[in-house]
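Asker: Taking the hints into account, I'd like the entire structure generated from these sequences.
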Amino acid sequence: MTDDESPQRPWGYYEVLADESDHKVKRMTIFPGGRLSLQRHQRRTEHWYVIQGQATATLGSETVRLSPGSSVDVPLRTVHRIENLSDAPFVYIEVHRGEYFGEDDIERFEDDYGRI
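To convert a position in the sequence shown, counted from 1, into the numbering used here, add 4.
Derived from the structure by calculation, the hints contain no laboratory data.
Keep in mind it's a predicted model, so treat the numbers as computed, not measured.
The reader is advised that the hints may include incorrect statements.
Per label pair, the in silico range of CB-to-CB distance [claimed, not checked]:
(1) Ser25 - Asp91: 35 to 45 angstroms
(2) Ala92 - Gln46: 31 to 41 angstroms
(3) Ile110 - Glu19: 14 to 24 angstroms
(4) Ile120 - Gly73: 28 to 38 angstroms
(5) Asp91 - Gln46: 32 to 42 angstroms
(6) Glu19 - Thr49: 13 to 23 angstroms
We put the CB at the ideal spot given by N, CA and C, even for glycine.
Answerer: Dropping the structure here:
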C-alpha cells in the first residue's frame, strides 16, 4: 500500500467496507476540529449517511448541518467538504457510485494540510 492509498489522513482515517466495480463504501472518521479539503470529483457521486457526531457540510454554495441519521447526496462535479467543529469524532458512511473510485479523482480547491 502506498502513502496515497493509506486510510490514515491528517483529518482522520477511513476503512474500506466494499470495493466493487460499480460502487465503493467507506466508513469515515473525522477527528475533532478536522476537515476534509474543499474538493470535487469528475467520475463519481457520493452519498453520506451520518453514524455519530455533528458536522457541517459544504455542497456547492449551500451549508448543511449533519447529525446522526441524516444523509446527503453529493452530485457529480459538486464542490464539497465536511468539517467537524465538535470536540468528539464524526463518523459517517460514504458510498461512491460511478465509473472510477481512485483517490486521484480528487480535485482540491482548498486544503488545510498542504495537499493542493
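Asker: Work down the list of hints and note, for each, if the structure agrees.
Answerer: Okay, the hints, checked on the actual structure:
| no. | hint | result |
| --- | --- | --- |
| 1 | Ser25 - Asp91: 35 to 45 angstroms | 40 angstroms, holds |
| 2 | Ala92 - Gln46: 31 to 41 angstroms | 33 angstroms, holds |
| 3 | Ile110 - Glu19: 14 to 24 angstroms | 18 angstroms, holds |
| 4 | Ile120 - Gly73: 28 to 38 angstroms | 33 angstroms, holds |
| 5 | Asp91 - Gln46: 32 to 42 angstroms | 35 angstroms, holds |
| 6 | Glu19 - Thr49: 13 to 23 angstroms | 21 angstroms, holds |
The structure fails none of the hints (numbered hints given earlier).
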